[in-house]
Amino acid sequence: MSDMTMVEAIRSTLEAEMERDERVMILGEDVGQSGGVFRATDRLQERFGSARVVDTPLAEGAIVGAAVGLAIAGMVPVAEIQFMGFTHNAFNQIVEQLARVRYRSWGSLSAPVTLRMPCGGGVRAPEMHSDSFEAHLAHAPGLKMVAPSNPADAKGLLASAVRDPDPVIYIEPLRGYRLIRGEVPDGEHLVPLGKARVVREGTDCTVIAWSAAVEVVTAAAETAAQRGISVEVIDLRTLVPLDAETLWASVAKTGRGVIVHEASKTAGFAGEVIATILENEDAFFALHRPLVRVCGPDTPYPVQMLEPQYLIDEARVLAGIEKATQV
Amino acid sequence: MSDMTMVEAIRSTLEAEMERDERVMILGEDVGQSGGVFRATDRLQERFGSARVVDTPLAEGAIVGAAVGLAIAGMVPVAEIQFMGFTHNAFNQIVEQLARVRYRSWGSLSAPVTLRMPCGGGVRAPEMHSDSFEAHLAHAPGLKMVAPSNPADAKGLLASAVRDPDPVIYIEPLRGYRLIRGEVPDGEHLVPLGKARVVREGTDCTVIAWSAAVEVVTAAAETAAQRGISVEVIDLRTLVPLDAETLWASVAKTGRGVIVHEASKTAGFAGEVIATILENEDAFFALHRPLVRVCGPDTPYPVQMLEPQYLIDEARVLAGIEKATQV
Amino acid sequence: MGKKAMLKTTRYRVLEITPEDVPEPYSVLDTDGNLLVDTPPLTDDEALAGLRAMMLGRRFDEHCIKLQRRGLMVTFAPGIGQEACSVGSVMAVEPERDWFVPQYREAAGQFLHGFALVRGYLWHMGSPLGFHIPEGLRMLPFQAAVAGQISHAVGLGWGLRLRGRDDVVVVHFGEGASSHGDFYEPANFAGVSKAPVIFFCQNNHWAISTSRPLQTAAPTVAHKAMACGFPGVLVDGNDLFAVYEVMRDAVARARRGDGPTLIEGFTYRLGIHTTADAGTRFEDPALRATWEPKDPLFRIQRYLARKGKWDDEIERAMEEEINAQLEAAWAEAQAEAPPSLEESLRHVSALPSPRGM
Amino acid sequence: MGKKAMLKTTRYRVLEITPEDVPEPYSVLDTDGNLLVDTPPLTDDEALAGLRAMMLGRRFDEHCIKLQRRGLMVTFAPGIGQEACSVGSVMAVEPERDWFVPQYREAAGQFLHGFALVRGYLWHMGSPLGFHIPEGLRMLPFQAAVAGQISHAVGLGWGLRLRGRDDVVVVHFGEGASSHGDFYEPANFAGVSKAPVIFFCQNNHWAISTSRPLQTAAPTVAHKAMACGFPGVLVDGNDLFAVYEVMRDAVARARRGDGPTLIEGFTYRLGIHTTADAGTRFEDPALRATWEPKDPLFRIQRYLARKGKWDDEIERAMEEEINAQLEAAWAEAQAEAPPSLEESLRHVSALPSPRGM
Ligand SMILES: Cc1ncc(C[n+]2csc(CCOP(=O)(O)OP(=O)(O)O)c2C)c(N)n1
Ligand SMILES: Cc1ncc(C[n+]2csc(CCOP(=O)(O)OP(=O)(O)O)c2C)c(N)n1
Ligand SMILES: [Mg+2]
Ligand SMILES: [Mg+2]
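For the record, the sequence lines run as chains A, B, C and D. If you want our numbering, it's the 1-based position in the first sequence plus 43. If you want our numbering, it's the 1-based position in the second sequence plus 43. At position 249 of the third sequence (counting the first as 1) the number is 234 in our numbering, and the numbers step up by one without a gap. At position 265 of the fourth sequence (counting the first as 1) the number is 250 in our numbering, and the numbers step up by one without a gap.
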């Protein structure tokens, strides 16, 4: 075990994967010389050379499209989109092309591409640099999507993503790059795609989150416990495919649920979580109260002065828990 | 009243709006000389000239971005994206720019742009020409979104969209352009944005759909009636902002619900509908059974030979109704 | 560039393309099949093989249009009149190592590159097998999103280099595609990375109903290479010899590591846009009339005829042979079992399969 | 173009930019402020006004960097060393009719165009008021998405024409942006529609940490205009006079309906990328050293000094005046009431308001 920040876990896993498999390469804006704007690829170009760690021109569409071609040529590209909002600049290449390589070639081609990106706000970044758009990428058949909340999962999910034979969206909690620390298993450590993690067991209410929100939710669960509410916290870890079984089992037990995300509410990923929970009769018939969404408002992510009011804090999660656990 | 097809209703409304307000203009690929690949802008260039009905170069991003600028210059652009899947080629301009003009300028600028596009399959179109991605555009604060299912609404919603001071996504049912006919009020006819329509009243189960699916659902409701199940059919008409009150009232009455869309299931718009229904206690506590989603599978829209198996037909809707109305 | 035009009004140099910077498309044969240069780039046997490949493409398209009118085929885009572009391109590469990345109008070239005729029929029948790439075929499936494949070609070429190979990639697209960011961004990437890619733009003068002048104010598509820092060539796209020659040079350049070339094949859509939308509603018949005599098949036939290598009998024999080939493939395609939605679920990702409906 | 380089190996013309096609950036003043041409494009008073605008921008940036280090400002991108680009651009347009569309590094030009200093501070404080466009100000808010604003400028210029006006639009962006489809697509649109837009690329040699050669293989950004069918100009971006002159001509051209121009201001990021990421980790100090003496302020100061219009006293007075102006604006900005999330909900759309949290 080693104590690491998120960004250290990501960086060292990339390094290990590149060492393990010489087909693994990195491309993106500023990933090379400077090692990425968050230093997630720090010194990797020094180590592996500028052929395998490539500073690209400023064009997200071509980054993703080139990654598709590189993969077909037999490389294993890890492409970085500098901020999640800029996936929209490559959205057709992601949704129509990257996601569909296997499907449209009727299984004959594949695109083992990992697409890394920071997600969310909270660091007073300029507008459009704090967006959360996991719901967009979740609605793109052919893509898997993971969003680790801690360094150990960051390592385990990244290694699994890189080795997956298909494209995986790998979402990094922007405000947690340095702030989130934790123990990380040394050596080989794989977290399987598609498995949620019960962070904390509880009996009164299930709270579901992913990425940076897991920290907030866990803190709220502690406070709730002091108030006599036993909260079960689930870190989805993988958003697509969703680990429905874990959600169903938990809600069947607690009969109450809160889903938390920073993204705006309408058509956000909480809707999918709720609809999925309802697909199971045990979970549905256990429900005492409506499932509650604690999400960003239906506005774009605001400029910095508004951030403190916009961000979801413990108080808002607690309010959600209270709403869900009313009698 | 006049009997019209969908495409006739759209075309004549565009004509009337251009006549009413000389700032209204049309831009897009092939909208001018040929009058659009579905003839929705037929002869409008002849009538209003090539300055107001503009064949653009093949570049969706620039079509939307130019519409933003045109709007700021005081025009009222109606831009066409030839097929909904190609909104992804302009996705950053739609989600980060068009949607945010008012918000990011703190209310000082606005973009009264209507973005028209056909949606859905069923006409044996080439791959990527049958996609349904309303869920993507619904998760973009600042955009409204309508999806008429019949010629009268096509007229009324299009006129409202063009006159709205903000951007409106206007979704046209591709396979209904010529197949869907109906009576259309002559003269001025506005359908307000944000109001669903109860197509058929019923007491046992609420079935919610929009665009081309409304026809399928209505047919299924007839069949269900013969089997003794009284189905209430709701045509959302506007997806954003969602008419929650109408949904709540209906589900509070029926206690059962089915949401139908052609788009793939995961993170599709049905999740938002379900989560919204649960936000109301009357609706929630009335629920006898889980709400059911009848959606496309989690695959890309397939090539033509697979279409008949892929598309949602009456039988699948009926199966959904049966599932929702189990005892 | 631009010196004459602007120096009288400005004190500085303006970078502009002047009329004298715009060449005529390079031709090797005139429309009657006469050689315009000293030596032909292809032997007579090669020319005959090229002609056969073009004829196969033409007859395939015609056959499919007929079948489509009978309701047996889905919407597709025939390459009628443009066959020299894709066939000349493929003749210049080595199918056992080099890649061909089509848009959707290149059936003739695809077949020559090794795409089985039966797969062509299946493609136009709307079968997913038309998109399946068998082991060893160096081709990407046809691409319905305009310009969507160009960045894949760039990544592919770049990746082949990284894997230590000197294979090249040829990607085709239309002049409409050349207005798109999905053309410009990867072309600019290729300039920087010197990816071994030949960008072949078939300027057929139409993007559905949109005419060439509405697409760009640049005098040629070939000049767009200048924005990306590599050479452009304007070639007569109805002249198999000329297309082959410029492709041959561009392939050599790419193979030796000198990077990409943009080739504009100056051609014309003699057929329809697609079977769903002819796109010809406002076409000027006079413009079309100037292009009909430039048919790429006719030109090679005349050339070979003049050398005694082509006559009615040879033509008849070849047509018969092609017909038989087409009929056999069409029969084979029809015999193919229809695909199932269930199988499609298995092709979304290797593991695990989607949660279904 | 390319004739010499390629004719020996090909039988056809290759369209290529040869070294002789690449001009030196056009300068009017040398780095020591000596006039390189007969007549200056600006009078001394105009030069003084331009200098003052550049100094205001410089001091504003410096002040905000200091405030940022104290935690009072958010991340922003200073324009230090590049002020001649935006100031020279705005001097060539008429703020009461023409539009200025910034990226994010053009505070100096924005102020000259009429953007209130207090709004500049609010912008860097992270206030939405920094994005608010008061009635009569012909400017779009700063744009954080690289190249995102370029198509807006094109639509705006095009729309002004449609509305019967001959106003023009100047849009600024960096050389990194010039690799993006959001640059190319609208530039190509503008070529076709002859929109009255001047595309001003500030090539400051860096896109965060990415150096100019990694961005494109084109010899200059100005040459990219050729892909879109309009003229390009390469200008010394540290020379206010030169920038003004080429802008003046481009504005006249656009105004009389002759369409767009792409101007590359050849400059250098003397400051940092942003206050969050200097981007200078691997910058070659030798390269930087060659640029420091080219400071655009210095050059005009020397020019005016030589004409007796600039000395220590004038400088001190102007600095004091600017300082007072900045302090007043900063005080005003701090006094502004903080915005509320509730108000923000009202700015999503005119009606109806979003459903909230
Ligand atoms: C990104 C995208 N936008 C729009 C379309 C619809 N569309 C299909 S073909 C076509 C015209 C393409 O013209 P061009 O690139 O010149 O190729 P051609 O058909 O002439 O071979 C259009 C607009 C599409 N398929 N993809
Ligand atoms: C579409 C997009 N991609 C990435 C970024 C992140 N980013 C911010 S500034 C920048 C570099 C821009 O370089 P350039 O265009 O040369 O402008 P400069 O900063 O040098 O003025 C990048 C990559 C962004 N803001 N927008
Ligand atoms: Mg074309
Ligand atoms: Mg730069």
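Derived by calculation from the structure, the hints in this document are not laboratory data. In this text, a Cβ means the ideal position worked out from N, Cα and C, and glycines have one as well. Among the hints, erroneous ones may be present.
What the hints assert, rightly or not - Within a straight-line C-alpha distance of at most 30 Å, the following computed DSSO-like cross-link-like pairs (lysine-lysine) qualify:
#1 LYS296(B) to LYS238(B)
#2 LYS296(A) to LYS238(A)
#3 LYS296(B) to LYS366(B)
#4 LYS366(A) to LYS296(A)
#5 LYS366(A) to LYS296(B)
#6 LYS366(B) to LYS238(A)
#7 LYS366(A) to LYS238(A)
#8 LYS296(B) to LYS296(A)
#9 LYS366(B) to LYS296(A)
#10 LYS238(A) to LYS238(B)
#11 LYS238(B) to LYS366(B)
To be verified - Far from chain C, by Cβ distances over 10 Å, these chain B residues were calculated:
#12 MET44
#13 GLY117
#14 ARG167
Claimed, not checked - The calculated label-pair distances, taken between Cβ atoms and stated as ranges, are:
#15 ALA237(C) to ARG150(D): 46 to 56 Å
#16 PHE328(B) to PRO228(A): 29 to 39 Å
#17 ARG150(D) to ARG266(C): 50 to 60 Å
#18 GLU321(C) to ASP46(A): 55 to 65 Å
Violated hints - listed by number, lowest first: 10, 14, 16, 17
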